[in-house]
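2 protein chains.
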Amino acid sequence: MKLLEDRILKDGRVLEGNVLKVDNFLNHCIDVAFICELGREFHRLYKDCGVTKILTIEASGIGIACLTAQFFDVPVVFAKKSKTTNISGDMYTAKVESYTHKTTYDIVVVKDYLSPDDKVLIIDDFLARGSALAALASLIRDAGAEIVGAGIVIEKAYQDGGKIIRDMGIRVESLARIESMDENGVHFI
Amino acid sequence: MKLLEDRILKDGRVLEGNVLKVDNFLNHCIDVAFICELGREFHRLYKDCGVTKILTIEASGIGIACLTAQFFDVPVVFAKKSKTTNISGDMYTAKVESYTHKTTYDIVVVKDYLSPDDKVLIIDDFLARGSALAALASLIRDAGAEIVGAGIVIEKAYQDGGKIIRDMGIRVESLARIESMDENGVHFI
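Just so you know, the sequences run in chain order B and V. Positions 85 to 273 (my numbering) are the ones given, in order, by the first sequence. Positions 85 to 273 (my numbering) are the ones given, in order, by the second sequence.
The hints are simulated quantities; they were obtained by calculation from the structure and are not laboratory data. Treat the hints with care, since some could be wrong.
The list cannot tell twin chains apart, which means a pair is met if one copy fits it or any two copies do.
[Stated by the list, open to error] No more than 30 Å apart at the CA atoms, straight line, and that leaves these computed lysine-lysine pairs for DSSO-like:
| # | residue 1 | residue 2 |
| --- | --- | --- |
| 1 | Lys-105 | Lys-195 |
| 2 | Lys-105 | Lys-179 |
| 3 | Lys-86 | Lys-165 |
| 4 | Lys-165 | Lys-179 |
| 5 | Lys-179 | Lys-94 |
| 6 | Lys-131 | Lys-186 |
These numbers come from a predicted model, not from an experiment.
Generate coordinates for the entire structure from the input sequences, incorporating the hints supplied.
Structure follows, in structure tokens:
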């Protein structure tokens with residue numbers, strides 16, 4: 085999506101440790117009008133799939149998911165990062181490995197909010213190693229719901245997450261796919 | 085706001101420990117079309133105040149803030165809950181006391197995203213003791229920006245947060261104000 089690639093080139097900063105900083109429009113300060121345009125594009129891609137629910141993960145996915153959900157006229161469910169080891173029986177749970185923070189944590193969704201009738205679109209800001217996305221897909225499968233696909237804002241296509249998730253048979257649509265990035269800039273596929 | 089009070093009466097559940105559970109439409113599963121109506125009401129209340137930015141706190145404020153921001157055509161900044169004690173010099177920071185979780189944590193906003201020119205509307209889901217709201221107000225003051233006011237979805241008016249914040253001279257508009265609640269139901273002011 086050219087609009088997004090241009091914005092990343094203009095406002096993104098590549099930091100040490102393979103970090104693309106886009107918190108000036110995507111995940112700290114949110115350019116709401118701009119994110120709406122991304123939501124419109126996710127809708128164009130998935131509008132014929134009968135989506136009944138959008139699933140994302142706190143915190144930075146929530147804004148994108150809510151603004152996207154308006155085009156589909158469906159609710160958003162966000163998986164919570166669990167701080168306790170007391171996962172009660174009324175929750176679906178999955179493990180996420182965070183390579184950035186070098187930790188593992190659980191995400192949970194209350195069972196009431198995903199049902200076998202649901203056709204779920206996953207929305208998230210980044211796809212790199214695919215651990216969060218795989219965990220969200222696992223919650224949906226546990227609920228017996230259908231995974232329509234994933235809408236990702238920025239995919240680091242030089243990492244293996246995209247391949248892993250697509251090899252599971254899950255449709256992944258990333259609005260910007262980064263082939264490489266370094267101090268000289270960001271290059272898209 | 086009658087629409088909201090009716091929804092709380094229909095879908096809210098009062099749990100032990102003074103907890104009002106509204107995660108089936110507000111803060112786990114988000115009824116996006118409904119939250120848009122709350123955003124429209126916040127806009128009606130604050131539309132003549134020259135709002136340039138909406139500030140909220142992760143995670144459950146983000147969806148409400150983003151859907152509200154569309155009516156104002158302004159960006160959303162969300163304060164992050166800091167896990168590290170390494171607060172760098174490029175951030176505003178404030179302490180929040182969580183009575184529910186019996187902990188204290190820091191919230192941070194990167195300095196670039198609040199400036200002395202900003203007129204900031206704070207949006208959050210709950211107001212009870214007012215600790216999160218006071219911390220958000222403190223971040224805005226540290227930036228030299230103007231606090232236009234706060235838009236709260238549900239105020240537990242039997243707790244002292246609302247009085248504390250209003251006594252600071254901050255305008256607080258709560259769409260539902262709870263006078264009391266117990267196993268027999270919720271009563272509004």
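Hint check results:
Within a single copy, Lys-105 and Lys-195 get their C-alpha atoms only as close as 34 Å, which misses the 30 Å cut-off; across copies the closest is 15 Å, which meets it. Taking the closest pair of Cα atoms, Lys-105 and Lys-179 come within 30 Å of each other both inside a single copy (25 Å) and across two copies (25 Å). Taking the shortest alpha-carbon separations for Lys-86 and Lys-165, neither the intra-copy value of 33 Å nor the inter-copy value of 33 Å comes in at or below 30 Å. Both within a single protomer and between protomers do Lys-165 and Lys-179 lie at most 30 Å apart by alpha-carbon distance, with minima of 10 Å and 21 Å respectively.
For a Cα distance limit of 30 Å, the shortest separation of Lys-179 from Lys-94 qualifies neither inside one copy, at 35 Å, nor across copies, at 34 Å. Proximity of Lys-131 and Lys-186 under a CA criterion of 30 Å is satisfied in neither setting, with 37 Å inside one chain copy and 44 Å between copies.
Violated hints, in rising order: 3, 5 and 6; the structure is consistent with all others.
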